[in-house]
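Peer 1: Listed below, chain by chain, are the residues.
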Amino acid sequence: MSDWVAACAAGDIDEEDVMRFDHGGRTFAIYRSPDDEYFATDGLCTHEKVHLADGLVMDDIIECPKHNGRFNYKTGDARGAPVCVNLKTYPVKVDAGKVLVRIR
Amino acid sequence: MARGMVIVGAGECGGRAALTLRDLGYAGPVTLVGDEPHLPYERPPLSKDAMVSDAPEIRAIASDEVLAEKSISHIHSVQAMAIDREAHKVRLSDGSVLPYDKLLLATGSTPRKLPMPGLGARCVYLRTFADALAIRAHLHTGSRIAIVGGGFIGLELAAAARKLGAAVTVIEAQPRILMRGVPAEIAEIIHDAHVAEGVDILCGDGIASIADDGSEARVTLAGGREIVADLAIIGIGAVPVTGLAAEAGLAIDNGIAVDAQLRTGDPDIFAAGDCCSFPLAVYGGRRVRLEAWRNAQEQGVLAAKNMLGAGEAHAAVPWFWSDQYGLSLQISGLSDEGRSIVRRDLGDGAFILFHLAEDGRLVAASGIGPGNAVARDIRLAEMLIAKRAKPAPDALGSQTVKLKSLLAA
Ligand SMILES: Cc1cc2nc3c(=O)[nH]c(=O)nc-3n(C[C@H](O)[C@H](O)[C@H](O)COP(=O)(O)OP(=O)(O)OC[C@H]3O[C@@H](n4cnc5c(N)ncnc54)[C@H](O)[C@@H]3O)c2cc1C
Ligand code: FES
Chain L
1 MSDWVAACAA GDIDEEDVMR FDHGGRTFAI YRSPDDEYFA TDGLCTHEKV
51 HLADGLVMDD IIECPKHNGR FNYKTGDARG APVCVNLKTY PVKVDAGKVL
101 VRIR
Chain W
105 MARGMVIVGA GECGGRAALT LRDLGYAGPV TLVGDEPHLP YERPPLSKDA
155 MVSDAPEIRA IASDEVLAEK SISHIHSVQA MAIDREAHKV RLSDGSVLPY
205 DKLLLATGST PRKLPMPGLG ARCVYLRTFA DALAIRAHLH TGSRIAIVGG
255 GFIGLELAAA ARKLGAAVTV IEAQPRILMR GVPAEIAEII HDAHVAEGVD
305 ILCGDGIASI ADDGSEARVT LAGGREIVAD LAIIGIGAVP VTGLAAEAGL
355 AIDNGIAVDA QLRTGDPDIF AAGDCCSFPL AVYGGRRVRL EAWRNAQEQG
405 VLAAKNMLGA GEAHAAVPWF WSDQYGLSLQ ISGLSDEGRS IVRRDLGDGA
455 FILFHLAEDG RLVAASGIGP GNAVARDIRL AEMLIAKRAK PAPDALGSQT
505 VKLKSLLAA
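Heads up: the sequence lines are chains L and W, in that order.
No gaps in the numbering here: position 95 of the first sequence is 95 in this note's numbering, and each next residue is one more.
In short: position in the second sequence from 1, add 104, done, that's this note's numbering.
A hint or two may mislead.
Said to hold, decoys possible - Okay, derived cross-link-like pairs now, DMTMM-like style, lysine to aspartate or glutamate, Cα gap no bigger than 25 Å in a straight line: (1) W/K491 - L/D60; (2) L/K74 - L/D14; (3) W/K491 - L/E15; (4) W/K494 - W/E441; (5) L/K49 - W/D153; (6) W/K508 - L/D17; (7) W/K506 - L/D14; (8) W/K506 - L/E16; (9) W/K508 - L/E16; (10) W/K491 - W/D363; (11) W/K152 - L/E48; (12) W/K506 - L/D59; (13) L/K88 - W/E169.
Unchecked claim - What follows is a set of in silico ranges between Cβ atoms, one per label pair, in the way DEER data are often shown: (14) W/A496 - L/D36: 24 to 34 Å; (15) L/R20 - W/K267: 21 to 31 Å; (16) W/C307 - L/A9: 43 to 53 Å.
Treat the hints as calculated values from the structure; they're not laboratory data.
Each residue gets a CB set at the ideal place from its N, CA and C atoms; glycine is no exception.
Excised from the complex, chain W in its bound form (with noise of 0.2 Å):
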């Protein structure tokens, strides 16, 4: 009889990987196993609409009549607490083993922490449907937060916390927010809209020290400036959870180490989504970690048809998106990829940025406007960098050639 499906994680990525199974008509045992107690759901609202409402829910990614109807079975509330290559056997925290034909990471990553003493309470870190919860109940008029990092997540909870009401200051380090693949121009915009909707932003200035006495939280800056939260929220980027991994030997690179069929050393072990680090085809094999939403889907798809040896090898390009107030950005591709930049304009203020190679290569789009004023373009820029494209700069940078016409020369 078949060991079956075993997927350590119940995320995003392991969600689509159990369903993509079968999708595919995979008839053996599927099993889901996860340390969370809910079903698997999208994190991206918990910093964005989820976090607005007034009684946040979780958006599940299958319901449980689904998981039933497809004979899928979720473990919740359990950790995977280690790997027994040898026997193909994965050992629970109920005691209990699970064995496998094939076995899929799909841990995730988990907020990097702030090394610094003095944290307590009133510091927190925003990454699971509880953590949401907890920061939600301090989100309302008068109270006041302070956001340590002025990356996605804790710009877009800026933007929450200013909607309920709260005073936010947003302290970041770099000299200025966004530093990790937003171009500055964007990046401004971005930054011009919180200050118009009264966030206080701090850039530059790093922090000497945090006290924490469990009701409130001082953080005290290099330069000397004192800021007291209600709640310091921390988000300084995120670490891939590879523990279970390291300690079953396999190679841990950036991430769990796989190949572009994310097969990590073991054939019988895959890795997808933010746990992972995979070679990406489009720029030529560099060894990247993706946090991103539409990549963990992607991979979990792409992981359930490799178990099943489809033998298929990642190919997409890179996305990500963001929403703060009624501003939306999209960005395909790695713009570091890029030395120049051009610009489009697509009126109501929205406009791209392409990056281009020395070569002329199209490797990244960077977009930001009202809506999805800038959704299309950027599907039709991510076409052109799979099809590793060298668009003309001029017809990139002009508002009445069609996208859609250079995709077709």
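Just chain L, with the same shape it has in the complex (with noise of 0.2 Å):
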């Protein structure tokens, strides 16, 4: 069974930039890192279930746009307050040309 779902194509998401992307009534945020690699997470802050996609990536960290709490969306770690909650991360592949995410 795959459960590989595109989410949008590569080229869609600027290098250290991060897309929002809805699916099955749920939300997510893609990330493409300065070295242009493709990653996912969960779409909302664990501090107040705000959209990441809204925020600010730098380096391998994305910044929540409400009150600046910081993840690393590689590993979906909380770096700093408020958020002390970790991210959940999903799988990510690039296949001709679309970003795939393994939505569990």
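Both chains are sitting in their own frames, so use the hints and assemble them into the complex.
Peer 2: Put into structure tokens, the structure is as follows:
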């Protein structure tokens, strides 16, 4: 069974940037790192459920737009107050120019 | 044996400082003393989400479990009464005495009182969770709420009260709301949003008198108008809590005066957060006192580092946000440092005003828009401010030039 879902085209996201992806009633954030790798996490901050895709990507950090809480988007680790609960991450692969996310 | 670290004030700043001491590996005793009965908690929701909730809850900075796991001893409902600097001891209201190696004063601020006779049970202030619960009980369909002061807390409360169906009048003595720190163009958007939601905003008229009989408050304005309210909420700013420091002979200058490392004149006593004034490096050491959540957090962390001897200087750029209805405002830097303004539109009615100094340096950015529309660019502006950048005004104003590209320049 394949649960890989196409989130967007690889070129839809700039390097060191993030995009929102909604699927099956859930929301995710898809990242493209400065070294051109793709990652995916839950879309909402663990502090106040704000869309992380409105935030700023710096190296491997996504900073929440609401109160600047920080996560490592590659591992999901909470990296700075006020966030203390980690983000869930999802496997990502690029296939034929499409970014695919495995949603469990 | 180490006497340990004592933190007076278990708010945002004190709480963060205690956690940071442990994160940095400090192994001696850490004691957090607070006069409120709660865990350290976040205040910003008190005028926002918590106020419109049916059953407001505290949003704690750390749970009892986390405090226990980190061996942070939290003494609540107890006030620090006096500091014996010579003996390195703090005397508490329960009669106990706490010895310290280093002491952090994170006593915060308290609402500025309206200097007027006639205030009673129906005239209240908002600072604590207990205040918030008392106010919440009056916000419902048909209740009449007067808000004295068109600042952030008052306006956020006005929005919450409207959402709950109350009739709201905002009274502001200045010619417009948000005179302090918010550009007129942005204050106007907020003003219009409140009017559209049915708030009556009265600007440019001071209060002549208040009569509060315990069941309602009658507010009479200088211009003769009378507003009758079930509750008058007074939000006219805050003053730093400095009594303990002053009595211990520490210097006070619009707050407990500290240096860039958050040290008072006593090398073993630090102060941080809303209670202190400090030199802001990004503006050449201008002495300021901030009443802002992120500052309290950052200074709590910095104070903890320096209590352990890091010797690190404060370098952050001030940042503030406010939420009203669906609008979010974010400001980084102090806009009064600016001499000219460049506007950048972001779509959906969102925009940012960049404040430039005489020499072209970017000194502040104020943005407003729906949701988090301005967040990313405000954050990038903050980095430009920290770098003391002089971006070309054309580039700042043009939606097609990415701010991130200016940062690299
Ligand atoms: C309703 C409200 C909404 C806000 N919204 C925003 C916002 O949207 N954005 C923003 O940036 N900022 C906001 N703020 C400001 C922000 O909450 C403060 O800047 C922050 O709480 C300051 O933290 P602090 O730890 O320095 O002080 P405080 O949070 O005030 O904590 C100080 C604590 O010390 C205690 N204390 C004082 N003296 C003693 C003593 N002698 N012994 C024991 N305990 C003592 C006090 O009771 C208090 O619990 C808001 C504030 C309020 C009240
Ligand atoms: S909502 Fe993300 S840090 Fe608060």
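Peer 1: Now, for every hint given, state plainly whether the structure supports it.
Peer 2: Consistency of the hints with the structure:
This hinted pair checks out: W/K491 and L/D60 have alpha carbons roughly 21 Å apart, not beyond 25 Å. Between the alpha carbons of L/K74 and L/D14 the distance comes to roughly 17 Å, so the proposed pair stays at or under 25 Å and holds. Note on W/K491 and L/E15: the hinted pairing holds, with a Cα-Cα distance of about 23 Å set against a maximum of 25 Å. At roughly 14 Å between alpha-carbon atoms, W/K494 and W/E441 fall within 25 Å of each other, so this suggested pair holds.
Taking the CA atoms of L/K49 and W/D153, the gap is near 12 Å; set against the 25 Å cutoff, the hint holds. Between the alpha carbons of W/K508 and L/D17 the distance comes to roughly 11 Å, so the proposed pair stays at or under 25 Å and holds. A distance of roughly 12 Å separates the Cα atoms of W/K506 and L/D14; the hinted pair therefore holds under the 25 Å criterion. Straight-line distance between C-alpha atoms of W/K506 and L/E16 comes to about 13 Å, which keeps the hinted pair within the 25 Å bound.
Taking the CA atoms of W/K508 and L/E16, the gap is near 10 Å; set against the 25 Å cutoff, the hint holds. With a C-alpha separation of about 22 Å, the suggested pair W/K491 and W/D363 falls inside the 25 Å cut-off, and the hint holds. Between the alpha carbons of W/K152 and L/E48 the distance comes to roughly 12 Å, so the proposed pair stays at or under 25 Å and holds. A threshold of 25 Å between alpha carbons decides the hint, and for W/K506 with L/D59 the separation of about 17 Å falls inside it, so the pair holds.
About 23 Å separates the Cα atoms of L/K88 and W/E169, which keeps this hinted pair within 25 Å; it holds. At roughly 29 Å, the beta-carbon separation of W/A496 and L/D36 lies within the given 24 to 34 Å, and the hint holds. Restraint check, L/R20 to W/K267: a C-beta distance of roughly 26 Å satisfies the suggested window 21 to 31 Å. Taking the beta carbon of each, W/C307 and L/A9 are about 51 Å apart, inside 43 to 53 Å as hinted.
Checked against the numbered hints given earlier, the structure satisfies every one of them.
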